[in-house]
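Q: What follows is the residue order along each chain.
Number of protein chains: 2
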Amino acid sequence: MHSTDSPSADAGTQAVIDHLAARQQPIVAWLEDFLRIPSVSADPAFAPGMDTARRFLLERLRAIGLHEVQLLDGGGEPAVYGEWNGAPGKPTLMVYGHYDVQPADPLALWRTPPFEPATVDGRLYARGSSDVKGSTTIALETIAAFLAVRGGCPVNIKVFLEGEEETGSPSLRRLVERHRALLRADAVLSADGGRASAEVPTINTGARGNAQLEVRLRSAHKDLHSGRYGGGVRNALHEMARLIASLHHADGGVAVEGFHAGAQPPTPRQRADTAAFPYDEAAFFADVGGSDHGEPGYSARERITLRPALDVNGLWGGYTGEGGKTIVPCEAGAKLTARVVAGQDPGAVIRAVLRHLQAHCPPGCTLETVALHEGSPASTLAPAHPLVRAAEAVLERESGRRPIHVRLGASVPVTALFKETLGIDTLMFGFNLPDEDVHAPNEFFRLASIQQGARAWTLLLAELASYPPARFHGH
Amino acid sequence: MHSTDSPSADAGTQAVIDHLAARQQPIVAWLEDFLRIPSVSADPAFAPGMDTARRFLLERLRAIGLHEVQLLDGGGEPAVYGEWNGAPGKPTLMVYGHYDVQPADPLALWRTPPFEPATVDGRLYARGSSDVKGSTTIALETIAAFLAVRGGCPVNIKVFLEGEEETGSPSLRRLVERHRALLRADAVLSADGGRASAEVPTINTGARGNAQLEVRLRSAHKDLHSGRYGGGVRNALHEMARLIASLHHADGGVAVEGFHAGAQPPTPRQRADTAAFPYDEAAFFADVGGSDHGEPGYSARERITLRPALDVNGLWGGYTGEGGKTIVPCEAGAKLTARVVAGQDPGAVIRAVLRHLQAHCPPGCTLETVALHEGSPASTLAPAHPLVRAAEAVLERESGRRPIHVRLGASVPVTALFKETLGIDTLMFGFNLPDEDVHAPNEFFRLASIQQGARAWTLLLAELASYPPARFHGH
Chain A
758 MHSTDSPSAD AGTQAVIDHL AARQQPIVAW LEDFLRIPSV SADPAFAPGM
808 DTARRFLLER LRAIGLHEVQ LLDGGGEPAV YGEWNGAPGK PTLMVYGHYD
858 VQPADPLALW RTPPFEPATV DGRLYARGSS DVKGSTTIAL ETIAAFLAVR
908 GGCPVNIKVF LEGEEETGSP SLRRLVERHR ALLRADAVLS ADGGRASAEV
958 PTINTGARGN AQLEVRLRSA HKDLHSGRYG GGVRNALHEM ARLIASLHHA
1008 DGGVAVEGFH AGAQPPTPRQ RADTAAFPYD EAAFFADVGG SDHGEPGYSA
1058 RERITLRPAL DVNGLWGGYT GEGGKTIVPC EAGAKLTARV VAGQDPGAVI
1108 RAVLRHLQAH CPPGCTLETV ALHEGSPAST LAPAHPLVRA AEAVLERESG
1158 RRPIHVRLGA SVPVTALFKE TLGIDTLMFG FNLPDEDVHA PNEFFRLASI
1208 QQGARAWTLL LAELASYPPA RFHGH
Chain B
758 MHSTDSPSAD AGTQAVIDHL AARQQPIVAW LEDFLRIPSV SADPAFAPGM
808 DTARRFLLER LRAIGLHEVQ LLDGGGEPAV YGEWNGAPGK PTLMVYGHYD
858 VQPADPLALW RTPPFEPATV DGRLYARGSS DVKGSTTIAL ETIAAFLAVR
908 GGCPVNIKVF LEGEEETGSP SLRRLVERHR ALLRADAVLS ADGGRASAEV
958 PTINTGARGN AQLEVRLRSA HKDLHSGRYG GGVRNALHEM ARLIASLHHA
1008 DGGVAVEGFH AGAQPPTPRQ RADTAAFPYD EAAFFADVGG SDHGEPGYSA
1058 RERITLRPAL DVNGLWGGYT GEGGKTIVPC EAGAKLTARV VAGQDPGAVI
1108 RAVLRHLQAH CPPGCTLETV ALHEGSPAST LAPAHPLVRA AEAVLERESG
1158 RRPIHVRLGA SVPVTALFKE TLGIDTLMFG FNLPDEDVHA PNEFFRLASI
1208 QQGARAWTLL LAELASYPPA RFHGH
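First to last, the protein sequences are chains A and B.
Heads up: the first sequence begins at 758 in the numbering used here, then just goes up one per residue.
Heads up: the second sequence begins at 758 in the numbering used here, then just goes up one per residue.
Please note that the accuracy of each hint is not assured.
Where chains are identical, the list cannot tell them apart; a pair therefore holds if satisfied intra-copy or between any two copies.
[Stated by the list, open to error] In silico lysine-lysine, DSSO-like type, Cα no more than 30 Å apart, as pairs:
| hint | residue 1 | residue 2 |
| --- | --- | --- |
| 1 | Lys-979 | Lys-1082 |
| 2 | Lys-1082 | Lys-1176 |
| 3 | Lys-979 | Lys-1176 |
Think of the hints as simulated: they come from the structure by calculation, not from any bench.
These numbers come from a predicted model, not from an experiment.
Take the sequences, apply the hints, and build the full model.
A: As structure tokens, then:
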């Protein structure tokens, strides 16, 4: 445990930290109340729980002194909103969290009921504790403490709590576009997207982008009898298999011309940070029964975060039911996803894949493009971005260690959506940890994370206040 | 049209031929009555039609003087049976036909109603006319004519008319095994399996055998997120595609070690007969939109009849529904069929395929054998078999041309079944032609085929009488 005193906090900020430390018990009690509400967005049977969670949050946002407290509707589950705009000239931070949780099934595997919070050895067990009611509580209580102790926050705040994160945010884009003026901000602080490691401080500085392609290969007008035609004609499955096999070299590297175009080589700092990240590569593979395979010259973690990749997500053709059917199939389909890195145009990359498939499609066969989604480019928080600088300063002071920059292999949909719709960047600053069984039975959140998180959020808001709003843009 | 006189028929046989020629009109009338009965085996709504067809045939078999006329039950649609055993010391021929027909759908495409026979330009249009009530009628009327004109047949006869041919003969094996003693014979003459060409006489001397395999490849315990794992781990679909692609050389030849083991090279006569067969290779491909591809050094027709082949019949894995799903699939499946030729052990061939797949399965992946069916070897009617000799003699005398031996790419299930259950060979001696739209709207049968067929069946029965029964066995 850290001491309550922060070596760098000014007196006002220190008072907020002390206030939060003193309030640990009511904060946990409030979180437990929040966790008792079964706000499962995926199951209509839990609609009353969703409604209760919204009313619970509206009440809290009003109680801590936010303004414009309301539900924002996009056609699906509404978001809960509240703001505090009392810091003119200071940056405006949207604070993102979500109040919906995953279904608790399979119930039989829970040691304690999922919606009856139970604390064992400093771990608070409940559905949604780690994902993400715990970190959402940290963010809200930090704001509450600033308002209670100092009568205001160091920055302007727009709290935005989504209700559809666990169902893929189907109406989020419409909701944000509909309330664009209200949601205008300089950056997003997300309570979702937790710490990458309990051992070292990390800052997520971006994610790979992606693009998708679906193709259909045809070798004849109809499926043919394999007795009457087998050995005489092209078989769509043989040809599709040959096409798919041609996409990668035997060593795992992508063989498509133009696939790596524009890819910025990993910087020495990126490679050093990746190497410094505590990461059990053997466990990474053993956990999922997978085996190490991919572009030579890079570690597995480098490959999945710093290098582009090409995966077939689905492949089909011919007879796939019970038993056998003696046909020469006339058609085969494949769905593919390209993951792209900084510097790459995902549209250009996926079109290079399509060109490769077309060029390798044999005579007598046709290749149809069923879908081509140009997708999203890789996202990057520049090292000089105030979100990164501020987080680095806070985490380094708190831990005594220089934070490691980490990147994600997959983009975070809400981060990409806020960038596209509002043009602003997101810092993920949740305090959950990777081992807390999110989306699984016996999900838990470490109670110690509440005080650590509240300290860090307090220092972060104070730190961010030192950057002029314009510095958050144009990266 | 041929003349009624056969240069080689003895007086008794000629009298039968003359009788059949004189009876052309009542024979066609009886066939039309047969065609009016909607005996669709696939659709339970036509059960009354099936029953009517059986009673219609039982009545006819009794009327022409067969004995033991009865239905034989195997648990499905019964077969219609009758016999004539008045030629002691002569061979016993089972005469096979079937009284069930394909469904007539799509009805809208018929120019005349499918169960109201209509003759236009010498073609008798009706469902089942070509497949196979026409040729069944030829066989029955030939027997009837022998019994009427000469009081007996040159050989012993066991008429066996199946009711499940169009539904895959689900109970035929049980039916034959249950009535094995009754069905004992020296060979089968089948009214099904028509002429391969209108231009040249052909004799079918066999078919490829086959064996089947289904495998499942696994690369991980579960599907993985393609963002978090893509580029890091093996993808089951990439690996399965690589395995499937490895089965064939780029030129189309099979690359599996041991796949061709035992295959008898096509004999000069087989290659000459294949070349002599009137066959429009361009039309063969154009009809189905397929393209010429396979083992180098052989024509397409040689490849599909005289050479083994390996086809993937089904291939699947990952997400195959609408839209996309960004996964690294953990599992892929494939179904394969090997077609084997004379001299090959289908079990050995399919195990060679399995060994190839296992040997090429990459480290970290597992390959499971879901099913391995050793199948059936190729069937062959030896050139010296009395069925072949007799058919050759008849067809050469009738046409003035030496019949071409043809082989089928796919085995005929009933031929294989009679060989397995009764140990006897089958000669396909139907008189339908390949262009008669079987299994399609506006199916027709050429009326001229009735007299040609009846002459040939008359001569064939007489010719077969010259072989002692033992000569039909041990080939």
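Q: Treating 30 Å as the Cα threshold, decide for Lys-979 and Lys-1176: within, between, both or neither.
A: neither (47 Å within a copy, 32 Å between copies)
Q: Given identical chains, is Lys-1082 near Lys-1176, meaning Cα to Cα at most 30 Å, within a copy, between copies, both, or neither?
A: Between. Shortest inter-copy distance 23 Å satisfies the 30 Å Cα cut-off; intra-copy 50 Å does not.
Q: Can you give me the call for Lys-979 and Lys-1082, within, between, both or neither, at a CA distance of at most 30 Å?
A: both (14 Å within a copy, 28 Å between copies)
Against the hints set out earlier in the document, a violation occurs for number 3 only.
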